[in-house]
Amino acid sequence: MSGPNEHNQESLDRYSRQMMFPEIGEEGQRRIRRGRVTLCGCGALGTVIANVLTRAGVGFLRIIDRDFIEWHNLQRQVLFDEDDVRECLPKAEAAARKLRRINSDVEIEPIVADVDHTNILEFVQDADVILDGTDNFETRYLINDAAVKLGKPWVYGGCIGSHGQTMTIIPGETPCLRCVIESAPPPGMAPTCETAGILGSAVNVIASLQAVEALKILSGRKDAINRNLIYIDIWEDVFKAFKIEALREKVDCPTCKKGEFPWLEGKFGSHTTTLCGRNAVQVVHRRNERLSFEELAEKLKGVSDVRYNRFMLRFTVDGYEFTVFPDGRAIIKGTNDIAKARTLYAQYVGN
Amino acid sequence: MKVTVKLFATLRKYLPPDATGGKAEVELPDGATVRQLVERLGIPQSAARLVMVDGEHCPELDTPLQDGQTVSIFPPVAGG
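Line order of the protein sequences matches chains A and B. At position 135 of the first sequence (counting the first as 1) the number is 135 in this note's numbering, and the numbers step up by one without a gap. At position 38 of the second sequence (counting the first as 1) the number is 38 in this note's numbering, and the numbers step up by one without a gap.
No wet-lab data here; the hints were simulated from the structure. Keep in mind that a hint or two might mislead.
What the hints assert, rightly or not - Per label pair, the in silico range of CB-to-CB distance:
#1 A:N279 <-> B:M1: 45 to 53 Å
#2 B:E60 <-> A:D223: 26 to 34 Å
#3 A:E294 <-> B:S46: 45 to 53 Å
What the hints assert, rightly or not - Pulled from the structure, derived: some chain B residues nowhere near chain A, Cβ distances all over 10 Å:
#4 D18
#5 E56
#6 Q66
In this text, all values refer to a predicted model and were calculated from it rather than measured experimentally. Ideal placement from N, C-alpha and C gives every residue a C-beta, glycine not left out.
Use the sequences and the hints to build the structure in full.
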């Protein structure tokens, strides 16, 4: 029996205001309900994107994120709250819990992992559109390689300080990320959220633009997508759309013209990386079996206080805070030195 | 010839001292290229990844400029 306070999953009633918008309509909404989305990264941009798409009623949303929630995330990462920080939840898992309460129609698949060349095809092969919620160009070029190779649309977004940019890539139809930005600035040249700060409003604008691009694609309205590189600065009141369409003809792009996919082949990109200027390093150590937190906690008993839940294990040694995930990955806070982090990993987590 | 240059975000610091509102007029020899403008302003080439001339993306730094054009340069935005 479904009473007035019950939601009937077959019904599209809850989307009535979105269907009323003539460019979507009922047919568009039905398509959105069948749509499958892969979201890479669930921080500032990712939480806003996931929120909009879940409320809009996509069919399936896969959320991949490598990180856990910290207090300084709450200023802008709209799906998280203080309880999530206290519970030491990974972002993907906390987002999934919140999103399921927002809209139980949507199938949410949280994955706590680092998107890399070994797993990206598996994460995106069944998606109708890929959304970029990452915070680095290395992963974006990897997404671009995978999307162009599989012919899947994806939406780039980036934000720092009060400014941000976004573009929509439909392989074979629009320029790809490398047509427009052939290579990323070297480390140190590009500011990060930690060195330049970030305003929640800037993130909400860019992520909302990304999300509506996904809705256009899912509802069958590729004709309506943004074909420009949009740049905004919400502090300086700058809203610009730069024309990039002609680049497809002009540029000898290694990705979409020559079919080279170096990021996908693992030729570029180190998996042990500093994390967006956070005085932290992520150490990746591939293993076939999941790490046993019970065993690791036992091993570290004399060294440090160890806390763990189903999702992660945390301890601090000599001022370095280790957060270890079941896939063997660790985020070590207190250093930007990759070699030092590898050494610490070998010392305390082991091989 | 004179072109108007607009620098965005972290590139603002390379504007000449007389710039206002994030833009300035720059005097260049006739036929000067985007690269010469970037060098004149002291912007490292690795930072000048996104150049727009009169609102259109200009991927080739050796493109000659014309009097009165507006050149916008901004860095690729990484965070998120």
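Review point. Tell me, which hint numbers fail for this structure?
Key: The structure breaks only hint 5.
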